[in-house]
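With chain A's structure known, arrange chains B, C and D on it following the hints.
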Amino acid sequence: MTDNMENTSPLEDQEKIGVYVCHCGTNIAGVVDVVQVAEWAAKQLKHRGVVIAREYKFMCSSPGQDLIEKDIKELGLNRVIVAACSPHLHEKTFRTACANAGLNPYLCEMVSIREQVSWVHTDKVAATEKAKAAISGGVERVRHHVPLQPIVVPINPATLVVGGGIAGIQSALEIADAGFHVYLVEREPSIGGHMAQFDKTFPTLDCSACILTPKMNSVGTHPNITLLTWSEVEKVDGYVGNFTVTVRKKARKVDEELCTGCGICQEKCPRKVIDYEFEAGLGYRKAIYTPSPQAVPNRPVLDVANCTYYEKGTCKACEIFCAPKAIRFDQQDQILTLNVGNIILATGYELFDARRIPNYGYGRLPNVFTSLEIERLTNAAGPTNGNVVLRDGKTAPKSVGIIHCVGSRDKNYNNYCSVICCMQSLKFAHLVHERTGATVYNFYIDIRAAFKDYDEFYQRVLEEGTMFVRGKVAEVTDVPRTENEKGKLIIQVEDTLVGKQRRIPVDMVILSAGLEPRKDSKEVAKTFGISCSVNGWYIEKHPKLDPIATMTEGIFIAGCAQGPKDIPASVAQGAAAAARVLGRIEQKEMALEPVRASVIEEKCSGCRICNGLCPFNAITFHADRMVTEINPALCQGCGTCVAACPAGAITGTGFSNDQIMAQIEGLLMLNIEPEPAAV
Amino acid sequence: MTETFEPVIIGFTCNWCSYRAADLAGTARIKYPPNVRLIRLMCSGRLDPAFVFKALANGADGVMITGCHPGECHYIEQNYKALRRFQLMRRTLEGFGIEPGRLRLVWASAAEGARFASEVSSFIEEVRALGPLHWGRNNNIPLITDATILQNEEVPA
Amino acid sequence: MTDYILYPGCSMEASARAYYDSLKAISKPLDLHLKEINDWNCCGATEYLGISKTPAYALIARNLALASNEADGTRRVVAPCSACYLNLAKADYYMREQPKFGKTVNEALAAGNLSYTPGSLEIRHLLDVIVYDIGLDVVEKNVIQPLTGLRVVPYLGCMVPRPDYDHRFSDHDYPVELDLLLKALGAEVVDYPLKTECCGGHMPQISPSTAFEMLRRLVAAADEREADVMTTICPMCQLNIDGYQGEMNQYFKTNYHMPILFFTQLMGLAFGIEPKELGFGLELVSARNVLDTLGVKAPPETPPAPPKRPRKPEGLPMPTPLTKAEIEALKKEVVK
Amino acid sequence: MTDAPLISSAPVSDPQPIEDLTLLKEVASRTAGVSNLEMCIQCGTCGGSCPSAGEMDHTPRRLFAMLRAGMREEALKSNTPWICVSCYHCIVRCPQNIHITDVMYTLKDMAVEAKLVQNSTAPDFSQTFIDMVEEFGRSFEMGLASFHYMKHFPFRLANMMPMGMGMLTKKRMSLTPTRIKNMKQLKAILKRAKELEAKQ
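Chains as they are written, first to last, in our numbering: chain A, 2 to 680; chain B, -18 to 138; chain C, 841 to 1176; chain D, 112 to 311.
Possibly wrong hints are sitting among the right ones.
Calculated lysine-lysine pairs in the PhoX-like style (CA-CA distance at most 20 Å, straight line) [stated by the list, open to error]:
1. D:Lys292 to C:Lys943
2. C:Lys875 to D:Lys292
3. C:Lys940 to D:Lys136
4. A:Lys520 to A:Lys412
5. C:Lys864 to D:Lys136
6. C:Lys1116 to D:Lys310
7. C:Lys940 to D:Lys310
FYI, nobody ran anything at the bench for these hints, they're computed from the structure.
Extracted from the complex, chain A is given alone in its bound form (with noise of 0.2 Å):
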């Protein structure tokens, strides 16, 4: 049995342990009697090497620090506790402060009597010996602690970008900008998203097109950026630093090179399909084309599903009058490898379908249109040309009826706000009248006119004799009750501020429908070994201090993929992650939490119950010499072969089982005369 201590290596003089208890203001000193706690780790736990305990207001401050650090050097402490919140929050700022004193930062272990004590419990008494406990744990398991050193990776300067909305040409350009190399990953045929599709922008109503087009282009001509459209991510590897990512580029059936983007054969392609895609299903575009003229870069996509050649075999219009013979049926799909050393998801949102609540009419009643269609129908280069018109494709509504908060805050559907819809609403109840105009009632819950000119916007809109009634909308119908509802769509909603049922006969009724994440955000954040919400947004780091950063280390997220957000707040998070990633680019290098399983050779049996465990192919046997080894450069520390080894020959350093089965005689105070009460 004494062969286990192989497993840790002991400071060679007896452990001196230091224990801090923070008050974290009331956070915790409010339920947990953190002075008796100190003064209980002094006296109970000196015994196995606890020779001071502190309690104070706020260990993380740099007094807090001092006080560690200074004890480290006078009392020659190797082994530090500090009980305070959850070290996600301060672990490496305590590791710091250990290191600063010349201790190395592994043997400080910190235990979480916050989040897991003060923050979840009431009864004080017991708090507080919950609390205990947990130091008791802490100080076992810190016993065990040996000095690591952390694994120190190089990072590839070139980046991936998967999304080509606004919120990852906004990453994409400010990291080519700075010098290094970016590679721009979009689904579509071209790049820019829906803020493309849009024809205004809240709250200042400049237009859409205008400010994005030359982001657009410079991302296209840019000398820094490897623009990959209609191409998919289909497999990451590797780690922060050093992914290997596989990405598929489907055929376009178009020689990019040879194609000067000229357009004749969109122009000569006979086939008309139903646009769903960029036109909202408004509009018509060929079976070969390009989303919009604006689209980067400007080379169409050939449409397989929709084409008659593939159809019938017969056909090849495009092929016949394309000059430079750029079109390629036999084209085939590429699969291509990149290198990088961070990677920033911008994957953007999906509308919800509004179809899903019968009540609203859409898909029903030809009158009802989505937000998306109305951003396609006032776009001056939408498929009215910017007449606001009713399905007829004619007639100019006199009155009009816009529904917030479709899909969202509503517990059948969606139970988030999402974000955009007052503005958006707001924005259109302008565009409409000034289009056309017709009276405009908006149906709100409330109005979250938030954020810089916002609310100054609302005022205008109210100025504009807009009509505003507050009330959920119950359902919108086409059968009359009266005379003056005949031939219109009635909105029939409770009119909440005046307290009576309404009617109102309007001619047309835009349903402002929510964001939802993309159907495949799951599958998406499993690709790349993030984790999503309940609702399937992308989980940040921190929901306050790293909204950008993912629990994966070299992951970052921006723009709606991490939840509704406007097109100001979607720039901001794609720099912002840009600034990360940069800031990585320029450390040249970064260092790993040395957590990795190692195996003892001459205790390795060969049984090679652990060679299938590993998914990230770790692990490899040695049929020469019949031992297995461990690369720690693919290891990435989960300790599952740990757990499996009958021989106990594998060891995972930072969670080694007698690291961890010391922290639990310390919770279950197996180390404390008298026992305690537990059982």
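Chains B, C and D only, in chain A's frame:
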């Protein structure tokens, strides 16, 4: 016996999901009983069955294993291994004549603070109902710090 | 298997006799075996719930208890009456949702040496059973005299599609089940937006003006769509639209004549069963026109398609409506 | 010099609205299932969906606000629950999954108990219906109808005649009630149920 029996629960959490769920429960000030004491692992796959038996043998009345939802494991698929071991351990416990109900496996993503809290509470009540496990303490296993880990013998290979 | 425990409900023996007769008549060809609960009692309709909670649910639960005692082979209970169906389903659901409440109800049942385990029975409505258990294919096979050229309004009323605790129907507002069934019978189904609007329930007894207005909306919309007949799955709806249509006409000085039949009666007709067996003639607003329409042995020319909205080529394209499968898929996504 | 009182002593219907949720919680606890009543965000989906909202003195939404404000008397006086037709539109559309229809049942119950019902037509109808059921175990439409109309709509009888006769001649309404066999059992169950209800 005390009039109300307060069980001691050892909980193993995954650094990437359930530990953060516990953090979230804290940040959101969601209350649950103080009977559970948590240990952080990098992954539920790290859970060595020896840990569970050790805990139960040393005075814990129940053990809770938590990890990422199937398909959401930070290490791709290691939580499935935890699932397999969990079933194995339940059977082994039964063999020892211990209610398998003293061991619970919970999937909790980093976003599920509330779920984490409610699972803890309900598990505590279940164990409370089962009553104390007179297994620990009376068999005085020496501290491992005295250089004795029994894990190698205990692990069901 | 098509064995069910039947909870008919009071009206089936009185005001909705036509429903019961026609149900019996069609269950033979559909090979539908119904075993009536012995000594069942009234479900309390919508009245008892508003008077006193526990007794109301105890009243309902007695039927559930009796049913599960008699249940041999099948645990499926079918109720043709909407109110009965909802009350049974509701009692079962709330006893499940709130175990404490379930216990209270069982304490009451114990006084009659009865008890019921929530969730142990499957509460179904007749329409649901015919469409999803027996299947439209079987229905179609039995059609001898298709209802060609008959413009029928599918009218479900409230309590079957809503709240629909166990999500048995395709939607709360626009369920497709009855439409599909009528199509299977060869009828020309009217697109009727009010198919799940309220008929007024007990309002004719409480506030006639309210009731008449609600009836008017329904009848007017049906009339406007040139329907020959309305068809319903609920005795209360039938009673209100049939029984009070005269009074409503007097109230509004209108002159509507909109017969309403139970869907089982139309099924029977299509199955070639004698109208008499199906309780024809029991309605107060005569449905003779229905028989006349079908009596005419016109050559089976394709019936005029129901008025579709003209899609003008120069107009903007419409979004395609969701298919039933899509709706189901989306429903699954919804986080309840 | 006049000694007329300076302050009028007109009674106030609800002196001080209680700011805690006593009333709301009472209603919730007396409602079958989990009512979610405290989750109301006052969006008005219920009032908008209601087919009979026109006749209501308060929309359901406003009624819930009154419950929150502790305005017991005014809330229980409201005709809203009695106008509710149990169409369940509000329940399935409510973004907060509030069991509105069942709350309405609870409010009827409480109103009767507190003797605050303004128009007795509805409660009488329910009561008559229930009396029949408690007497025979089945509803008795003929008895119910004649009794109820005599009492509340004597003048409608003329208009009703054709229907009534029709129903009778077509045997859609029987002149004699049906009675279930085991009335003893049902009565016992209901007796126990009422005791249990009283205890709550």
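Hint compliance check: list the failing hint numbers for this structure, sorted ascending. Structure breaks hints 1, 5, 6.
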